[in-house]
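Q: Please work from the sequences and hints to get the whole structure.
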Amino acid sequence: MQLIKPDINVDFVGKRNMAFVLSIVLILIGIGSLIVKGGPNYGVDFAGGTLVQVRFEQNTTAGEIKKALIPNVLDNATVQQFGDDANEYLIRAQESDSGLQGLRSQILDALEPVYGAGTVDMRRIEMVGPQVGQELRKQGLMAILYAMIGILAYITWRFEFRFAVGAIVALVHDVLLTLGAFSLFGKEIDLPIIAAFLAIIGYSLNDTIIVYDRIRENMGKYHGSGVPLTVNRSINETLSRTILTSGTTLLVVLALFLFGGGVIHNFAFALLIGVLVGTYSSIFVASPILIAWQEKTAGKSAP
Amino acid sequence: MSNSIKLRGLLVLFCLVLSVLALGPTLMKDSLPNWWKNAFDPIHLGLDLQGGMHLVLGVEVDKAVESRLDSVVDQTESLLRDEDVIFKRIERKSDDRMVITVYDADAGAEVDALIQENFPNLEPMTLDASGGYIEKNYRFSDQEIANIKDYAVRQALETMRNRVDQFGLSEPVLQRQSDNRILIQLPGVKDPQRAIDLLGKTARLEFKMVDESADIQQALQGNLKPGTKVLYEHRVDPMTKKATENPLVVFEKTALTGDLLADAQVRIDTRFNEPYVAIEFNAVGAQRFDQITAANVGKRMAIVLDDTIYSAPNIRERISGGSAQISGSFTEQEATDLAIVLRAGSLPAPVKILEDRTVGPSLGHDSISKGVNSVVIGAVLVVLMMLLYYRGAGLVANVALALNLLFIMAMLTLFKATLTLPGLAGIVLTVGMAVDANVLIFERVREELRHGKSARVAIDAGFAKAFVTIVDANITTLIAALVLFQFGTGPVKGFAVTLSVGIIASMFTAIFVSRLIFDLVLEGRQVKKLSI
Chain G
1 MQLIKPDINV
11 DFVGKRNMAF
21 VLSIVLILIG
31 IGSLIVKGGP
41 NYGVDFAGGT
51 LVQVRFEQNT
61 TAGEIKKALI
71 PNVLDNATVQ
81 QFGDDANEYL
91 IRAQESDSGL
101 QGLRSQILDA
111 LEPVYGAGTV
121 DMRRIEMVGP
131 QVGQELRKQG
141 LMAILYAMIG
151 ILAYITWRFE
161 FRFAVGAIVA
171 LVHDVLLTLG
181 AFSLFGKEID
191 LPIIAAFLAI
201 IGYSLNDTII
211 VYDRIRENMG
221 KYHGSGVPLT
231 VNRSINETLS
241 RTILTSGTTL
251 LVVLALFLFG
261 GGVIHNFAFA
271 LLIGVLVGTY
281 SSIFVASPIL
291 IAWQEKTAGK
301 SAP
Chain Y
1 MSNSIKLRGL
11 LVLFCLVLSV
21 LALGPTLMKD
31 SLPNWWKNAF
41 DPIHLGLDLQ
51 GGMHLVLGVE
61 VDKAVESRLD
71 SVVDQTESLL
81 RDEDVIFKRI
91 ERKSDDRMVI
101 TVYDADAGAE
111 VDALIQENFP
121 NLEPMTLDAS
131 GGYIEKNYRF
141 SDQEIANIKD
151 YAVRQALETM
161 RNRVDQFGLS
171 EPVLQRQSDN
181 RILIQLPGVK
191 DPQRAIDLLG
201 KTARLEFKMV
211 DESADIQQAL
221 QGNLKPGTKV
231 LYEHRVDPMT
241 KKATENPLVV
251 FEKTALTGDL
261 LADAQVRIDT
271 RFNEPYVAIE
281 FNAVGAQRFD
291 QITAANVGKR
301 MAIVLDDTIY
311 SAPNIRERIS
321 GGSAQISGSF
331 TEQEATDLAI
341 VLRAGSLPAP
351 VKILEDRTVG
361 PSLGHDSISK
371 GVNSVVIGAV
381 LVVLMMLLYY
391 RGAGLVANVA
401 LALNLLFIMA
411 MLTLFKATLT
421 LPGLAGIVLT
431 VGMAVDANVL
441 IFERVREELR
451 HGKSARVAID
461 AGFAKAFVTI
471 VDANITTLIA
481 ALVLFQFGTG
491 PVKGFAVTLS
501 VGIIASMFTA
511 IFVSRLIFDL
521 VLEGRQVKKL
531 SI
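Protein chains in written order, with UniProt numbering: chain G, 1 to 303; chain Y, 1 to 532.
Think of the hints as simulated: they come from the structure by calculation, not from any bench. A portion of the hints provided could be inaccurate.
As the list claims (entries may be wrong) - Here are the in silico distance ranges between beta carbons for each label pair:
id, chain 1, residue 1, chain 2, residue 2, range
1, Y, Asp197, G, Ala62, 26 to 32 Å
2, Y, Lys37, G, Gly118, 35 to 41 Å
3, G, Leu22, Y, Gly188, 48 to 54 Å
4, G, Val36, Y, Arg235, 52 to 58 Å
5, G, Asn76, Y, Leu220, 55 to 61 Å
6, G, Glu64, Y, Ser362, 19 to 25 Å
7, Y, Leu520, G, Gln131, 58 to 64 Å
8, G, Asp85, Y, Asp197, 31 to 37 Å
9, Y, Pro33, G, Leu145, 31 to 37 Å
10, Y, Lys37, G, Pro130, 42 to 48 Å
11, Y, Asn273, G, Asp85, 40 to 46 Å
To be verified - Here are the simulated BS3-like pairs of lysine-lysine, each with C-alpha atoms no more than 30 Å apart in a straight line:
id, chain 1, residue 1, chain 2, residue 2
12, Y, Lys352, G, Lys66
13, Y, Lys253, Y, Lys299
14, Y, Lys190, G, Lys66
15, Y, Lys6, Y, Lys528
16, Y, Lys63, G, Lys138
17, G, Lys37, G, Lys187
18, Y, Lys416, G, Lys138
19, G, Lys67, Y, Lys242
20, Y, Lys352, Y, Lys93
21, Y, Lys528, G, Lys5
22, Y, Lys93, Y, Lys6
23, G, Lys5, Y, Lys465
24, Y, Lys63, Y, Lys229
25, G, Lys221, Y, Lys225
26, G, Lys15, G, Lys5
27, G, Lys138, G, Lys37
These numbers were taken from a predicted model, which means no experiment stands behind them. Yeah, the Cβ is synthetic: ideal placement off N, Cα and C, and Gly gets one too.
A: Shown next as structure tokens:
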């Protein structure tokens, strides 16, 4: 079976300006959303605070839970349904003081009289102090930064510096888009999401390197035909691989997104966006950067 | 069969056997012989998958310095009295300084000499205070402060370990993290609130005499005699379960501390069927207890734990022999926990919970089944897609994929890595990307076939050309994974482990195992057409 005919020749490079505009518009929308919402929506891991996941035996509503909690325990807690059934909820609060170390028993004490003793199951508690949250945030950012530096060094060593620049621009592009999507959809960024971002970096890079590899090979082969043509030819030659691999990866990430369960939902969401964006960026961002670089340096060296 | 194929086949076979051996204890827990179970551990599940607590505690080391200085102040005061040095006042000021106010330079010199002799690690500093007095200031050297802090964390860790040991959990983890932090992981803990209560207790046990002459109403309004303070006695009515706080005035000076305990046990009072804690002093403690009780017959002595009075019994007679009991309105579990903290010793400084992640066993169970489900569903989809697209070669890729999963799991057990929820996600991602190397190879082979090459030549060329690409692409991802491992914490690290292991396994299976299968098929045969 073949999805892509071997002699296919789509003019990807010709559409690069359209793609640049699209990317910039999407990134601007994301940044706009971030500004409007006052920065990324950090979860408990990074902002500090408390998150409790509670399951009840009977169905209930967020309003009822709030009614039971607010006068007694927490003033500014938010309650939100978790998953599809109306018996599991997330309770979030800003408090993380160790004075609240009795929080779990306080919440139980407030809920059990309403719902009945033994019918409230506290399935998960996450409490992160503000100081720890700040440190985790810093570590997460540093991890992304160091990963980028390492990758830059490796690509510069294996290819050329301009390839590395293209790859990094594509990475920043992917992370910005995913971050923007998270902000638009109002999803929280916590520790596993940092892992997802790095997975996106890894995946996008994987894709980019494979196209680059072909470009490098073809540059030697078709020396006279100019950079844009070579780049376009290389993208087309690797197109069936790109589609197949992205397809299989999307399939499994989709399986994770649909069947992986609530705890990992946001993580799978990040990967889903990341795989789509990563595939797009290796074709429309990373490779055309090479051409732009070429044109810029050619323009400079011309008298 | 050529030697090269034989050798490579043996290597793959070896990996296969090792993997099956390593995974045996994970897949079949009970039906295996003992040598097998002893040789390989089952896969270690993270707290998010098996349920449990992850705590990061901060030891408030500054408090340890303060209380150390407090005891130096106490000792110095009695020293000065013993030596008949005349002084106006001795106190601790601004956390880290001891200040002794004296009337003249002679007394100042005496104080200096005494301190020099008894506390060589105190640094002196003399100031002229107002009103013609001389203020002798002393503080610990920076080195000494660092030592006290370090010792406080180490002792806290030791105390925590004792308490956790008595809690009866199978595989607790206690580690000192940066500076003043202690990481505690309690897999499978049933009652998280109890664990936190138990760990967080400072457990400073003190015996203080009650000041019977004080007027409690006056005292509550803040009119206290110097050297006394108000503490509350915590009582729970056994019938109504109502808690009451009963204020008592006690002398600040501690008659005896819990450091001198030898043992603490829960006993049941047969008359009221109420649990109490029987404590046993060591030799020094027994002697002191003997003296104190002898000197205070008829008075009340408060038994204070972390500034809460548990009971304040009347001393009816002199108690020698060094045993006493703490009765109060305990439940049996409260009494047990009290005995545990008393046996394990007190914390040198209070601890604060900086991070608390607790996952209930039911959620962990859900997460595993959902995670494994999505791996299986994803893998089946990929297998079908590869078969559909590449036919015979797809079968080879699927064998490689299956081996890949097997090797990942085996490596996780061999490296004693911990499988977490994000780790499972890492495996899912690897499954998606694992076929990539094979796809790259197959696409190259197809290209070569299109150029009219023979099957064997096309395979050779396809593998050779794809090899560089595969290595470059995977190493960059590996760099990202290793950085994650180095700088990540918790879930990020778990993800990094499976991702790195997955990349290594997939490179091996795609390049090495697939090639071997092709070589086996092509060996000694004139294959005209490849199913690819």
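Q: Compare the structure with each hint and give your call.
A: Now for the hints, and whether the structure bears them out:
1. Y:Asp197 to G:Ala62: 26 to 32 Å: holds (30 Å)
2. Y:Lys37 to G:Gly118: 35 to 41 Å: holds (37 Å)
3. G:Leu22 to Y:Gly188: 48 to 54 Å: The hint (48 to 54 Å, Cβ to Cβ) holds, given that Leu22 of chain G and Gly188 of chain Y are roughly 51 Å apart.
4. G:Val36 to Y:Arg235: 52 to 58 Å: Given a distance of about 55 Å, which is inside 52 to 58 Å, the answer is holds.
5. G:Asn76 to Y:Leu220: 55 to 61 Å: About 34 Å separates the Cβ atoms of Asn76 of chain G and Leu220 of chain Y, which means 55 to 61 Å is violated.
6. G:Glu64 to Y:Ser362: 19 to 25 Å: holds (22 Å)
7. Y:Leu520 to G:Gln131: 58 to 64 Å: With a Cβ separation near 59 Å, Leu520 of chain Y and Gln131 of chain G satisfy 58 to 64 Å, so the hint holds.
8. G:Asp85 to Y:Asp197: 31 to 37 Å: holds (32 Å)
9. Y:Pro33 to G:Leu145: 31 to 37 Å: violated (50 Å)
10. Y:Lys37 to G:Pro130: 42 to 48 Å: holds (45 Å)
11. Y:Asn273 to G:Asp85: 40 to 46 Å: The hint (40 to 46 Å, Cβ to Cβ) holds, given that Asn273 of chain Y and Asp85 of chain G are roughly 45 Å apart.
12. Y:Lys352 to G:Lys66: Measuring from Cα to Cα gives roughly 28 Å; hence the hint holds.
13. Y:Lys253 to Y:Lys299: Measuring from Cα to Cα gives roughly 16 Å; hence the hint holds.
14. Y:Lys190 to G:Lys66: Holds, at about 27 Å.
15. Y:Lys6 to Y:Lys528: Holds - the C-alpha atoms of Lys528 of chain Y and Lys6 of chain Y are around 24 Å apart, at most 30 Å.
16. Y:Lys63 to G:Lys138: holds (28 Å)
17. G:Lys37 to G:Lys187: holds (12 Å)
18. Y:Lys416 to G:Lys138: holds (28 Å)
19. G:Lys67 to Y:Lys242: Satisfied, since the Cα-Cα distance of roughly 25 Å is no more than 30 Å.
20. Y:Lys352 to Y:Lys93: Given that 30 Å is the threshold and the Cα spacing comes to 24 Å, the pair holds.
21. Y:Lys528 to G:Lys5: Holds, because 23 Å separates the two Cα atoms, which is no more than 30 Å.
22. Y:Lys93 to Y:Lys6: The given pair, whose Cα atoms are some 81 Å apart, is violated under the 30 Å limit.
23. G:Lys5 to Y:Lys465: holds (21 Å)
24. Y:Lys63 to Y:Lys229: holds (20 Å)
25. G:Lys221 to Y:Lys225: violated (97 Å)
26. G:Lys15 to G:Lys5: holds (20 Å)
27. G:Lys138 to G:Lys37: holds (21 Å)
Going through the hint list in order, the structure does not satisfy hints 5, 9, 22, 25.
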